[in-house]
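**Q** In my numbering, the protein residues as written are 1 to 578.
Hints are computed from structural coordinates only; laboratory data are not their basis.
Incorrect hints may have been included.
PhoX-like, lysine-lysine: derived pairs with alpha carbons at most 25 Å apart [as the list claims (entries may be wrong)]:
{"id": "1", "residue 1": "391", "residue 2": "362"}
{"id": "2", "residue 1": "557", "residue 2": "570"}
{"id": "3", "residue 1": "362", "residue 2": "398"}
{"id": "4", "residue 1": "85", "residue 2": "140"}
{"id": "5", "residue 1": "574", "residue 2": "495"}
{"id": "6", "residue 1": "376", "residue 2": "495"}
{"id": "7", "residue 1": "367", "residue 2": "574"}
{"id": "8", "residue 1": "335", "residue 2": "557"}
{"id": "9", "residue 1": "85", "residue 2": "102"}
{"id": "10", "residue 1": "492", "residue 2": "574"}
{"id": "11", "residue 1": "390", "residue 2": "376"}
{"id": "12", "residue 1": "279", "residue 2": "291"}
{"id": "13", "residue 1": "492", "residue 2": "557"}
{"id": "14", "residue 1": "335", "residue 2": "367"}
{"id": "15", "residue 1": "492", "residue 2": "570"}
{"id": "16", "residue 1": "279", "residue 2": "141"}
{"id": "17", "residue 1": "575", "residue 2": "495"}
{"id": "18", "residue 1": "570", "residue 2": "367"}
{"id": "19", "residue 1": "120", "residue 2": "140"}
{"id": "20", "residue 1": "570", "residue 2": "398"}
{"id": "21", "residue 1": "127", "residue 2": "141"}
{"id": "22", "residue 1": "102", "residue 2": "265"}
{"id": "23", "residue 1": "265", "residue 2": "304"}
{"id": "24", "residue 1": "351", "residue 2": "304"}
{"id": "25", "residue 1": "351", "residue 2": "376"}
Computed beta-carbon distance windows for the label pairs [claimed, not checked]:
{"id": "26", "residue 1": "364", "residue 2": "94", "range": "19 to 27 Å"}
{"id": "27", "residue 1": "55", "residue 2": "356", "range": "49 to 57 Å"}
{"id": "28", "residue 1": "204", "residue 2": "574", "range": "57 to 65 Å"}
{"id": "29", "residue 1": "218", "residue 2": "61", "range": "30 to 38 Å"}
{"id": "30", "residue 1": "276", "residue 2": "557", "range": "51 to 59 Å"}
Please read these numbers as outputs of a predicted model, since none were measured by experiment.
The beta-carbon is built from N, C-alpha and C at its ideal position, and this holds for glycine as well.
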Amino acid sequence: MSNADLVRIFERIADLMEIDGADRFRINSYRRVARTIKDTPTDVAEMARNGDVTDLQGVGKGTAERIRQFVDTGHIDVLVQLEAKFPPGLPALLDIPGMGPKKVGLVHRELGVTGLEDLKKVAASGKLAELSGMGVASVKKISEGIAFLESSGGRTPLGIALPIAEMFADRVRALPGVDRVEIAGSLRRGAETIGDVDLLCASGEGAAIVRQFTEFDGVRRVLAAGDTKGSVTIELADRRELQIDLRVVETDAFGAAWQYFTGSKEHNVRLRERAVRRKWRLNEYGLYHEKRRIAGESESDIYKKLELSFVPPELREDRGEFDRPSDAADLVTLKDIRGDLHMHTVASDGKCTIEAMACAAKERGYKFIAICDHSKSSTIANGLTIERMKKHIRAIRKVDEAIEGIAILVGCECDILSDGSMDYPDDLLAQCDWVVGSIHSAMGKGGSGKLSPTERTIAAMEHRYVCAIGHPTGRLINRRAPMDLDMQTIVKTAKRTGTMLEINASWRRLDLKDLHVRLALDAGVVLTINTDAHHTDQFAQMRYGIMTARRGGATVKDVANCLTLASLRKRIAKKRDS
DNA sequence: GCCGTTTTCGGCCCGACTGTTTTCAGTCG
1 MSNADLVRIF
11 ERIADLMEID
21 GADRFRINSY
31 RRVARTIKDT
41 PTDVAEMARN
51 GDVTDLQGVG
61 KGTAERIRQF
71 VDTGHIDVLV
81 QLEAKFPPGL
91 PALLDIPGMG
101 PKKVGLVHRE
111 LGVTGLEDLK
121 KVAASGKLAE
131 LSGMGVASVK
141 KISEGIAFLE
151 SSGGRTPLGI
161 ALPIAEMFAD
171 RVRALPGVDR
181 VEIAGSLRRG
191 AETIGDVDLL
201 CASGEGAAIV
211 RQFTEFDGVR
221 RVLAAGDTKG
231 SVTIELADRR
241 ELQIDLRVVE
251 TDAFGAAWQY
261 FTGSKEHNVR
271 LRERAVRRKW
281 RLNEYGLYHE
291 KRRIAGESES
301 DIYKKLELSF
311 VPPELREDRG
321 EFDRPSDAAD
331 LVTLKDIRGD
341 LHMHTVASDG
351 KCTIEAMACA
361 AKERGYKFIA
371 ICDHSKSSTI
381 ANGLTIERMK
391 KHIRAIRKVD
401 EAIEGIAILV
411 GCECDILSDG
421 SMDYPDDLLA
431 QCDWVVGSIH
441 SAMGKGGSGK
451 LSPTERTIAA
461 MEHRYVCAIG
471 HPTGRLINRR
481 APMDLDMQTI
491 VKTAKRTGTM
501 LEINASWRRL
511 DLKDLHVRLA
521 LDAGVVLTIN
531 TDAHHTDQFA
541 QMRYGIMTAR
551 RGGATVKDVA
561 NCLTLASLRK
571 RIAKKRDS
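Required output: the full structure, derived from the provided sequences and hints.
**A** Quick look at the structure:
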């Protein structure tokens, strides 16, 4: 049983209670517990077995008892009772834009709707429009909501959404009468996936801006077009639909609006509670004392007035950011990165030569890179045999001598085999300056006689030549689940052995993810942020790794890529000699 | 159901938009 199972259960209870018309504050308690468990990097079921879970934020006597019941028996009485009252497909209707708990309850009660297919039928037959409280417009909205839900296919990865958002922001910026345009929402917070794109615009001519926004090339549907808000969808390369919202505000309230629309919702709730305690009110127009506005032009004004240090967007998740103010000031930035320590060339499955990679890296201002092609067992990735690797090492050394201004380290991405050993012999690894150990095969549980992914990762970290573990959990966002790792043990071993853990900056991976970054930092582990680039174009993905690192609270001193080359070499030597 | 600079009960964030039940409930972010 994983945290994800518990999260699902508590969200389901909350959904069903909502449809049932229960007290909204009680419902909120269940949602709060679900979110806390989601934000907990360690195994909550294990915690429940070994002791007390009421230390967790928002978990009291009642919900702790329900967690324990689920851990002990595999079910929760409250949920069993709720599920007896409603068909299983009903909560899914809450995901439809325009359908809230009241309408879901209504269609179930009045029309016997049990799920999505039923709802489509009653919408088409006209029965839905006959219900009291429903009209032609509501039915149209719901039908469109169903269509959107079926074509949007869930959340969009950061690396797909951010370039699109930037393109639309540029287009709005170019319109007459626009003072400023910024990205807001979960995209600005650097979340690994996003629901929709939020753009914020400062201008006195909202209606005209919104109208032109809805007429941009590539707009597939216009969902709303008012004086201050426009909402459209576009079609992505995989034919899914992505929603883009534009809001227009007055320039003197831009800070308040940017803060408000950046969220997260939970972070904003905390801020507003803080305002209320001071007898103030916080909304998207500013911070108010009675009718008088006391902050709002900039975001930092608002935090300052509430006696908080500025919270960088990546930390605005209500994960304790108000209690950890020292974090914020020196979070790692793209400018701090002096090199990229994981990339491939045509020698294995990359698309560019050593020279091309080195020149592109130098152009970015990097002082060092490590060429890390695949080892022999990664046959699909054209991994290098021992003989080819020996030649490759000589080739890298030669380019390093030829190109001034950047150091090219001999590296390799060496497979961690299923028995925990490394794919290259020690004498070959000893010739490398930098070794990334990665699991690429047998990512399942392990089973009888076989080593688990956790055991293999630990074995690799014990190896003197392994400098870092690459993409430690092996997940592919929206495509492959992470390996079942005991992350607590992994970070402890990383600390003990002086092995770094990678934040793989590819938007397909973002591995380690934010919560694991936090866990590693708390254990005192040094991180390395690398693009795993297979083409010079992919160096630009570094920013996604930076966002993920910042979400986990990583500062300059936590990241090996921010070291000078000399310090980096010293750190590598220290592990080799220990 | 949780929680405490409002501390064991009474409160729990805020405003906009929309459609329709014509005075506001439901939904959303």
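**Q** Could you tell me which of the numbered hints above are not met by this structure, giving the numbers in increasing order?
**A** The structure conflicts with hints 4, 6, 16, 24, 26, 29, 30, although it agrees with all the remaining ones.
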